[in-house]
Amino acid sequence: MSEQETAILDGNESCARVAYRLSQVITIYPITPSSTMAEWADQWQSEGRKNIWGTVPVVAEMQSEGGAAGAMHGALQAGAFSTTFTASQGLLLMIPNMFKIAGELTSNVIHVTARAVATHALSIFGDHSDIMACRSTGYAMLSSASVQEAADLALVSHVATLESRVPFLHFFDGFRTSHEVNKALTISDETINAMLDEKHVLAHRQRALSSDNPILRGSAQNPDVFFQARETCTPFYLACPTIVQDAMDRFAAETGRAYHLFDYVGAPDADRVVVLMGSAAGAVEETIEHLNAQGEKIGLLKVRLYRPFASEAFLAALPRTVKSIAVLDRCKEPTGLGEPLYQDVITAFSEAFSSGTSPIAVQPRIIGGRYGLSSKEFTPAMAKGVFDELKKPQLKNRFTIGINDDVTHSSLDYHPEFSTEDPKTVRALFYGLGADGTVGANKNSIKIIGSETPNFAQGYFVYDSRKSGSVTTSHLRFGPNPIRSTYLISNANFVACHQFSFLERMDILEHAAPGAVFLLNSPYGPEEIWNHLPKTTQETILKKKLQFYVIDGYTVARETGMGNRLNTIMQTCFFAISGVLPSDEAIAQIKKSIKKTYGKRGDAVVQKNFAAVDAAVAALHKVTLPEKATATFDLLPMLPKEAPAFVYNVLGMMAAGKGDQLPVSALPAGGTFPTGTAKWEKRNIAQTIPVWDKDLCIQCGKCVLVCPHAVIRAKVYDSSLLANAPETFKSAKPKWKGMDQELYTLQVAPEDCTGCSLCVEICPAKSKSEAKHKAINMELQAPLRAPEALNWSFFESIPTVNRDRLSHTQVKDIQLLEPLFEFSGACSGCGETPYIKLLTQLFGDRLYIANATGCSSIYGGNLPTTPYTKNGSGRGPTWSNSLFEDNAEFGFGMRLALDQQKEYADDLLKRLAPTVGDDLVTAILTASQSKECEIEAQRKRVLTLRSKLAGVDSLEARALLTVADSLVRKSVWVLGGDGWAYDIGFGGLDHVLGSGKNVKVLVLDTETYSNTGGQMSKSTPRGAVAKFAEGGKPNSKKDIAMEAVAYGSVYVARVAMGSSDMQTVKAFQEAEAYDGPALILAYSHCIAHGYDLTYGMDQQKNAVLSGYWPLMRYNPMLRTEGKNPFQLDSKAPSIPLKEYAYHEARYTMLTRSRPEVAKHLLQEAQDDVERTWRVYSGRAAMAGRSETPHIAPPEREGAVAPLGAGGGDE
Amino acid sequence: MIDLTTEYLGLKLKSPLVVSSSPLTESTESIQRLEAAGAAAVVLPSIFEEQLSLESNALDSDLSRGTDSFAESMTYFPAYESYRQGQDAYLSHLRRTKSVAGIPVLASLNGATAGGWVTFAKEIEQAGADALELNTYALPTDPRITGAEIEDGIVDLVRLVKQNTTIPIAVKLTPRFTSIPNFAAKLDRAGIQGIVLFNRFYQPDFDIENLSVVPRLTLSRPEELLLRLHWAAILYGDLNADIAITGGVHSAEDVLKAIMVGGQVAMMASVLLLHGIPELVIIQSKLLRWMEEHEYQSIRQMRGSLSRRSVADVSPFERGNYIKTLSSYTLRKTA
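Protein chains in written order, with the numbering used here: chain G, 1 to 1210; chain Z, 1 to 335.
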């Protein structure tokens, strides 16, 4: 047996460590939750780590999972050992290649973090719907249920595929296993070598294509032979299970860890058995041990090799005594006779009984049920619920467990309080804020405990769906026994709340066990804290007799230079009072770990962390508890009672983290939700908010324009409205002609602001007597919250300015247009959202948005709430997300539908002319709708039409009523990031731009896959570091602006709001006005660029000044006027690229890792700038058609000159 | 044969022409060109006390920003095994320069407070620096801090650096001390091998259009030299430490003056930034021509010849110069 080392890692790393060493070509594409495996592979490759054959694998990022599968297929055919990592939609894109690879009997393993497939909604979380979608591809499927198994069965897969020639899909549960941190034994090179049989390795290579021994593979076959040829693979599939078991047996001999095709655990004479695969096995196994110890006879059959389904092995693994079986599937197949695993089990039994080969004498009762979709919790209590069901005389088939299905009543009952937790295991819960370092600290604690003590350790982390101000919950377990509890902690010995503000609305102590330790980061000391706790919290502390500690963590952080990072401070407190390790030893270990973690970031960081550790111990205080609860206030509801019923009752539950309790009936079938819901969530995440100085303000509107969260608004209104204004409500004389008799107010939404301070940075108005004071300044939120919330509420009651009074091309006026995109959960200071907000200000009331998957679909459409909202007339953007790869096509489809509806409506209108009147019909059909006032007039006509049709009892009239709104102009805008536009969706985007249809495309170009954590896209600039481009991107960014310009018929613009807001507005207006396709590339600063986003707009300016991001517009309309359609809106580069780029860590990181490469790439990137400038300026300087004599050769006599022939380039 | 050799900080130099801390010494290639043009030694650009902690903290912020907040993006950058920081780059520049340069290479540390960064001096020594120039650029803005406290702080700093190193230490001063001779003597007693007169006080500019204060870097001008010469002439002979003149040395005549007032070396940067590295060849040839024409055999011969202790009338170094200057101005005016 080889020597084995333990490591603290997550399932992704555990698996990737094996896959990497057994591969020569690794094709990758980012998709949650598998991206980490690809990131590891890329990192190891750049560090020069070798595979088992002594070479460094090639790791190649492709443009999509489809591309990754294709490239992998090619690599396999050319003889390499090749793998990829994926999940969900990504796996679906691989299916065509999977059929091919399997059909060609090619050894291959795909490692999958099993994840829900998008149906009524997208979900990044774990279930088996993606795996099940691949059942017919011919891939064998091997399931891992834990971090340890993710490594072990990865190896078994690689070995078995070589021997069997059947490709393998090795999978484990997304997040629950892929992201769970646990203590596991690693697999050595020796073990891998011992498992590999050289002859199969050689055979794989010998089957490869070779021009020295030419073959043809992948032919097309006719009806005469295809069928027979398809059957030739059967023997390989028949042999496969034996080969897998053989590999498992050899693995056991090497490592001592035994696996079987089906592993049974529980009573040997069990009468009830659950069958399932994946991580839920942990929870069921705990339940079985617990209940069997109490005299029950139950068991679990863990499915390892799901496909090919080895019936004999399956039946042989079951106890002969089994009387009832529940098969649990982690997916839903609405059209089947039950979910897939259930059907396989039924078939296995049916075949065995019909052939008389069943080892079990009496056919057990078998039911199937669904659990755990999209990482829904699956606990021992639920497992018990299933076992309890199996006792009943009448079994509920096709059941669900873990939810309350009050619609079709499929759900089983269970008692949530049932617990099987090992009393020797310490369970700790930590509530933190995304940016405060809580998760990092906890990962660190697991490493300390897991590697420096004999204890086992487990960590699992839950995040909410916001990118700013998100709540993180860390679930940590430590103990002397291995930890396989694959569910969240509900009975914690230790609860830490790292943000005092959470106490306002969250029942933090809900999961505290009696006598638990409660640690609170609080600005109030041990003497005063009690009076600042809500009643529920006080009562829980007393009732559960908690040991209560406080620390003013933020003061310690500030004083020790840690800023807002509480990680080291709260970690120290945890060790100081949890008793997991003796205090001195713990502090020594923390410091050792600080040195290890931060040493490479420099001594100053190490020293400040050391200082924080020492200061934390001194600032930690135990609170003496009073006799009784004295609070005069209690927990606030997550959303206000005034919210609409659905918002309060349903979305409010989700916002409160209680979405699990919602019954099926509460949720809309088909996944349709109202807009205008983000405004109800008052998240209060900003420490400081902007405050308006009305006397200094020049009312330029720049702050309103750049605010990523639409929390700064301006209105001009009649002064009489001020009568009921709150005391501190401010107003000034408007600086508009014709409005000077009214009042102007710039108001901040204090509870929605994220405190990014972009507004202050952009503000041009400085005080004449104190330069640092601007017309808008950041001040502490807490004292302003109540009065400003009142002001905001009053401000909302003021009507918006009539849009007709405003110029929609002036930034100053645009501030008065109502945004229909507000309070998104995007990163604080996001560079994308100001563009979307502007879009909704300009055209929001007629806007259809097709949104590619990515950041913009997450902050746009991730429940509980959406930032898209409606105006006073109830109109606003309507929004949908199809997929990542097809967004342009999705929007194109919307356009086709709208055009078709319009045509149908026109026709109906004509037919109904006698009923509604010729004048109205003519007016509607001939209306110009190029201006907003014209659109409004048309709306009025349609309203009249509706009223005329209301009483008409005819099919045509009823039909017209359903499509009448299409008579009013609609705008279709396709939104997405560069990952979509440049890579995965480029083919579709190109096609749609080439279609000539009236579809507008807004690319929020962050130059990286921001949503999945900063992987390289083809938009990533040369020399920038990104994931998958560790060594700096060696190639230049793709210029899709010029690709689109090449069509000649596409409106194209490159904009950067921070450089020229006027040009941005102009581009949006021109794109909208152009009756054809338009493409706007919007420079969007992003957290993945690595700098403080407060300076985002400044960086946009630098990007333009350096010539890196030239501002341009290509307007085909100008061509018809005989002018050059290509307009360059920025000046020649005036600063070197370095002066822009080296403000950002994505560039400077390379100088820290490969200074010579950085220097070289910077030089090349500077050349790119100059090359682009020459092209752009040359193009802009060209003469227009009317300014150029004929270029085309003279017409031959008698030939007819085509219209518009000749002219210059354009 | 005219002997241009001199000694500075115990190092034998082929001439008094030293290139001071500047962008010219940022690259090894440029240093090789300087050597070829006649530089007798070079001082590498300063690494700043603040730079070490700033870089460390900035890297930490850049790598931590936005992490562990969202399930799909726990981090935004690849995790490197190690990060090369300012000091690593500095040390590798030093090592590379030492491996190719035939002339002494002086490292330069810029700091005003004692702190962890001082240990960096040891690494500089280990990387092969021939000496260390300590640039003590202190700017008091706190009215509670006295001049004496600043001086004591610098002396403590020098002691601390000396404890960490064995290579010669020179201290570069600002001219803004109340009693330069007294302070120089204190540093001398603390064991420094050289004193560099003076660093330049970079004042920010005021942008009245944008209402902001902007950093501004200007090159030295020849008229700045007189301040240096004045104090060198006064200090010469009273210190064990060598004197180096820097700031305003723009010509062969300036070099001669620097030596005559008592300097071991004359340091240049701005003149070379203005006219290019070949200017050094011109300065050296002019220097030789002047010495030849005036029948000097060696640099040593002229050192200190115009120092306070070597001239007949010391009044120009004292209040006499002040009176003289003012009266001559008055006379000119009335004439």
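Everything labelled a hint here was simulated from the structure, so no lab data went into it. Treat the hints with care, since some could be wrong.
In silico contact screen, one side only, chain Z against chain G (beta carbon under 10 Å); selected entries [unchecked claim]: (1) A58; (2) T67; (3) S73; (4) D130; (5) Y202; (6) R300.
In silico DSS-like pairs for lysine-lysine, Cα to Cα no more than 25 Å straight-line [what the hints assert, rightly or not]: (7) G:K679 / G:K733; (8) G:K870 / G:K812; (9) G:K596 / Z:K122; (10) G:K735 / G:K600; (11) G:K1159 / Z:K122; (12) G:K1018 / G:K940; (13) Z:K98 / G:K592; (14) G:K1138 / G:K1159; (15) Z:K122 / G:K600; (16) G:K940 / G:K735; (17) G:K870 / G:K679; (18) Z:K98 / Z:K122; (19) G:K766 / G:K1101; (20) G:K595 / Z:K98; (21) G:K910 / G:K940.
Note that the Cβ used here is the ideal one computed from N, Cα and C, for glycine as well.
Results of checking the hints against the structure:
Contact between A58 (chain Z) and chain G, as hinted, is supported at the beta carbon level, the nearest pair being about 8 Å apart and thus within 10 Å. Checking T67 (chain Z) against chain G by beta carbon gives a least distance of about 7 Å; that is within 10 Å, so the hint holds. Nearest Cβ of chain G to the Cβ of S73 (chain Z): about 4 Å, under the 10 Å cut. The hint holds. The closest approach between the C-beta of D130 (chain Z) and any C-beta of chain G is roughly 24 Å, which is over the 10 Å cut-off, so the hint fails.
For Y202 (chain Z), the shortest C-beta to C-beta distance to chain G is roughly 19 Å, which exceeds 10 Å, and the interface hint is violated. At about 42 Å, the closest approach between the beta carbon of R300 (chain Z) and any beta carbon in chain G exceeds 10 Å, and the interface hint on this residue is violated. Our distance criterion of 25 Å between C-alpha atoms is broken by K679 (chain G) and K733 (chain G), whose separation comes to about 28 Å. At roughly 22 Å between alpha-carbon atoms, K870 (chain G) and K812 (chain G) fall within 25 Å of each other, so this suggested pair holds.
For the hint pairing K596 (chain G) with K122 (chain Z), the CA-to-CA distance comes to about 22 Å; that is within 25 Å, so the pair holds. This hinted pair does not check out: K735 (chain G) and K600 (chain G) have alpha carbons roughly 54 Å apart, beyond 25 Å. The hinted pair formed by K1159 (chain G) and K122 (chain Z) fails the criterion: a straight-line CA distance of about 29 Å is larger than 25 Å. For the given pair, K1018 (chain G) sits about 47 Å from K940 (chain G) by alpha-carbon distance, which is inconsistent with the 25 Å threshold.
Taking the CA atoms of K98 (chain Z) and K592 (chain G), the gap is near 35 Å; set against the 25 Å cutoff, the hint is violated. The hinted pair formed by K1138 (chain G) and K1159 (chain G) meets the criterion: a straight-line CA distance of about 10 Å does not exceed 25 Å. In summary, the hint linking K122 (chain Z) to K600 (chain G) is supported, as the alpha carbons are separated by about 19 Å, within the 25 Å threshold. Restraint check for K940 (chain G) and K735 (chain G): not satisfied, since their Cα atoms lie roughly 32 Å apart, outside the 25 Å limit.
For the proposed pair K870 (chain G) and K679 (chain G), the alpha carbon gap of about 11 Å is at most 25 Å, so the pair holds. The suggested pairing of K98 (chain Z) with K122 (chain Z) holds, with an alpha-carbon distance near 16 Å, which does not exceed 25 Å. Between the alpha carbons of K766 (chain G) and K1101 (chain G) the distance comes to roughly 20 Å, so the proposed pair stays at or under 25 Å and holds. Distance check on the hinted pair: K595 (chain G) and K98 (chain Z) sit about 31 Å apart at the alpha-carbon level, beyond 25 Å; violated.
Only pairs whose Cα atoms come within 25 Å are accepted, and K910 (chain G) paired with K940 (chain G) is accepted, the gap being roughly 18 Å.
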